[in-house]
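Q: Under the UniProt record's numbering, the first residue of the first sequence is numbered 1, with each subsequent residue one higher.
Accuracy of the hints is not assured; some may be wrong.
Unchecked claim - If you anchor each label on the Cβ, the simulated ranges turn out as follows:
id: 1; residue 1: Asp78; residue 2: Gln39; range: 14 to 24 angstroms
id: 2; residue 1: Lys2; residue 2: Leu103; range: 52 to 62 angstroms
id: 3; residue 1: Phe218; residue 2: Ala192; range: 46 to 56 angstroms
id: 4; residue 1: Thr227; residue 2: Ile90; range: 47 to 57 angstroms
id: 5; residue 1: Gln214; residue 2: Lys106; range: 20 to 30 angstroms
id: 6; residue 1: Asp144; residue 2: Lys180; range: 16 to 26 angstroms
id: 7; residue 1: Ser6; residue 2: Glu160; range: 32 to 42 angstroms
id: 8; residue 1: Leu148; residue 2: Gln20; range: 37 to 47 angstroms
id: 9; residue 1: Gln89; residue 2: Arg256; range: 45 to 55 angstroms
id: 10; residue 1: Val123; residue 2: Asp144; range: 32 to 42 angstroms
id: 11; residue 1: Leu148; residue 2: Ile202; range: 13 to 23 angstroms
id: 12; residue 1: Gln39; residue 2: Ala92; range: 40 to 50 angstroms
These aren't lab readings, by the way, just hints derived from the structure by calculation. For every residue, glycine included, the Cβ atom is placed at its ideal position computed from N, Cα and C.
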Amino acid sequence: MKKEISISELAKLMRVSVHQIRYFEEKGVLFPAYIDENQYRMYGIDEIYRLSHILLLRKAGLSVQAIRHWYDEGTPDDMQQLLLESVYQIEAELDRLRDLSGLIHKVLNDYERFGDRAPSFQVIQREPLVLSSWFETDFNTELDARMLAQQGDTQPGLFETDIHYVYEEECLRRVRLCTKAIDMDGDVVLPAGEYLSCRFSIHDEEELKQHFDQFQAFGDQSPFVLTGPRILVEKSYLSLFTRESLHYELLARVDRSVGNAAEREEKR
DNA sequence: CTTCTCACA
DNA sequence: TGTGAGCA
Numbered sequence: 001m002k003k004e005i006s007i008s009e010l011a012k013l014m015r016v017s018v019h020q021i022r023y024f025e026e027k028g029v030l031f032p033a034y035i036d037e038n039q040y041r042m043y044g045i046d047e048i049y050r051l052s053h054i055l056l057l058r059k060a061g062l063s064v065q066a067i068r069h070w071y072d073e074g075t076p077d078d079m080q081q082l083l084l085e086s087v088y089q090i091e092a093e094l095d096r097l098r099d100l101s102g103l104i105h106k107v108l109n110d111y112e113r114f115g116d117r118a119p120s121f122q123v124i125q126r127e128p129l130v131l132s133s134w135f136e137t138d139f140n141t142e143l144d145a146r147m148l149a150q151q152g153d154t155q156p157g158l159f160e161t162d163i164h165y166v167y168e169e170e171c172l173r174r175v176r177l178c179t180k181a182i183d184m185d186g187d188v189v190l191p192a193g194e195y196l197s198c199r200f201s202i203h204d205e206e207e208l209k210q211h212f213d214q215f216q217a218f219g220d221q222s223p224f225v226l227t228g229p230r231i232l233v234e235k236s237y238l239s240l241f242t243r244e245s246l247h248y249e250l251l252a253r254v255d256r257s258v259g260n261a262a263e264r265e266e267k268r
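The task is simple: from the sequences and hints, build the whole structure.
A: Encoded structure:
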């Protein structure tokens, strides 16, 4: 009985494919101890160790190229360096995955809180919001693909972040499309404070106008005044859950320093 | 059972 | 960076 083993025995022992062992040979990192008369590759104990190392390094994220290079002319310090670089990459990947997980949780949470519901009004306290303005358009013109494309390189991940439509005060003719500023160079700033918020979902753009009116009506019969721009936030990713509805939040800053509409009426 | 080669993801 | 098929 020979001391060496065939490629399939080695493959079974190391739980890899025969193919992969031959691939490592082609790439110059693992060679048989010798070739048998029948042209079969034969492997000894040294090759078993060598293969273990290769597999470990592959698992650690080193390329076969890099392994080859190290076997050719690598020092122990080089190996330490290679593994360090590898661990940095893995940690970067962990960060990426954490971000991704966070994004999905955010979507899930948002859906649970504001999924499909009748319009709900509430006054909420908001942190200052910095938006980076994107472009301006008319109230009536619908957003189309070309308008998006013409804006050139905007933020990546367009629809992961909510699109904010900021309507100019008083007349709602002009709309400013914004996204949340990632860095601090936003150009539209909404101050912290109390905001009236209404969340709703619609099936047709037509319904938007009604909600604006309802929103205004709600403001008029409340003990405060709505001030500043109306902000329509399109929760674009909530549309993931339903095939045919769009989700929005309508916001306006609350001003309690002025009397409400009814009181103003009295004073006249 | 092994080898090699080629195409493919 | 491997895999799968086909052939000898």
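Q: All the hints need checking, so say for each whether the structure fits it.
A: Against the structure, the hints come out as follows:
no.	hint	result
1	Asp78 x Gln39: 14 to 24 angstroms	violated (36 angstroms)
2	Lys2 x Leu103: 52 to 62 angstroms	holds (57 angstroms)
3	Phe218 x Ala192: 46 to 56 angstroms	violated (22 angstroms)
4	Thr227 x Ile90: 47 to 57 angstroms	holds (51 angstroms)
5	Gln214 x Lys106: 20 to 30 angstroms	holds (28 angstroms)
6	Asp144 x Lys180: 16 to 26 angstroms	holds (23 angstroms)
7	Ser6 x Glu160: 32 to 42 angstroms	violated (53 angstroms)
8	Leu148 x Gln20: 37 to 47 angstroms	holds (46 angstroms)
9	Gln89 x Arg256: 45 to 55 angstroms	holds (53 angstroms)
10	Val123 x Asp144: 32 to 42 angstroms	holds (35 angstroms)
11	Leu148 x Ile202: 13 to 23 angstroms	holds (21 angstroms)
12	Gln39 x Ala92: 40 to 50 angstroms	holds (45 angstroms)
The structure fails to meet hints 1, 3, 7 from the earlier list, while all remaining hints are met.
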